[in-house]
Amino acid sequence: MENLIEFISNNLQIVYIIILATFVGVELIKSIPAVLHTPLMSGANALSGVVIVGAILVMLHSDPTDYLALLLGFIAVVLGILNVVGGFAVTNRMLEMFKKKK
Numbered sequence: 029m030e031n032l033i034e035f036i037s038n039n040l041q042i043v044y045i046i047i048l049a050t051f052v053g054v055e056l057i058k059s060i061p062a063v064l065h066t067p068l069m070s071g072a073n074a075l076s077g078v079v080i081v082g083a084i085l086v087m088l089h090s091d092p093t094d095y096l097a098l099l100l101g102f103i104a105v106v107l108g109i110l111n112v113v114g115g116f117a118v119t120n121r122m123l124e125m126f127k128k129k130k
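The sequence shown begins at 29 in this note's numbering and counts up by one.
Read the hints as simulated data drawn from the structure, not as lab findings. Any given hint could be a false lead.
Said to hold, decoys possible - What follows is a list of derived Cβ distance ranges for each label pair:
#, residue 1, residue 2, range
1, V81, K58, 29 to 35 Å
2, E34, L98, 23 to 29 Å
3, M29, V52, 27 to 33 Å
4, E34, F126, 50 to 56 Å
C-beta atoms are modelled at their ideal positions from N, C-alpha and C, and glycine is treated no differently.
Just need the whole structure built from these sequences, with the hints factored in.
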């Protein structure tokens, strides 16, 4: 616990930037019209794909005895895949809403 407190106190500016970025991101997402959510979801899927590839590369270059790095890489791959699959499902559902009914 002391290590965490020391890390936060040493990197206080980074913590402030992350908090500010979170609030700015939430405000930006709330102000986007519904028509633009589908292209943004496609962009988020692409970014998640990059995260998956990056996590796999980090896992390939990590020491086989470094279980923490392997575990974090595995978690990043699993969460990235879930995000991509969920994003494609939501995008497909939203595109179905714009199709004309027969």
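Hints and how they fare:
Between V81 and K58 the C-beta distance comes to about 30 Å, which sits within the given range of 29 to 35 Å. At about 26 Å, the CB distance of E34 to L98 agrees with the hint of 23 to 29 Å. The hinted range of 27 to 33 Å is satisfied by M29 and V52, whose Cβ atoms lie roughly 30 Å apart. For the hinted restraint 50 to 56 Å between E34 and F126, the CB-CB distance of approximately 52 Å keeps it satisfied.
Hint compliance for this structure: every hint is met.
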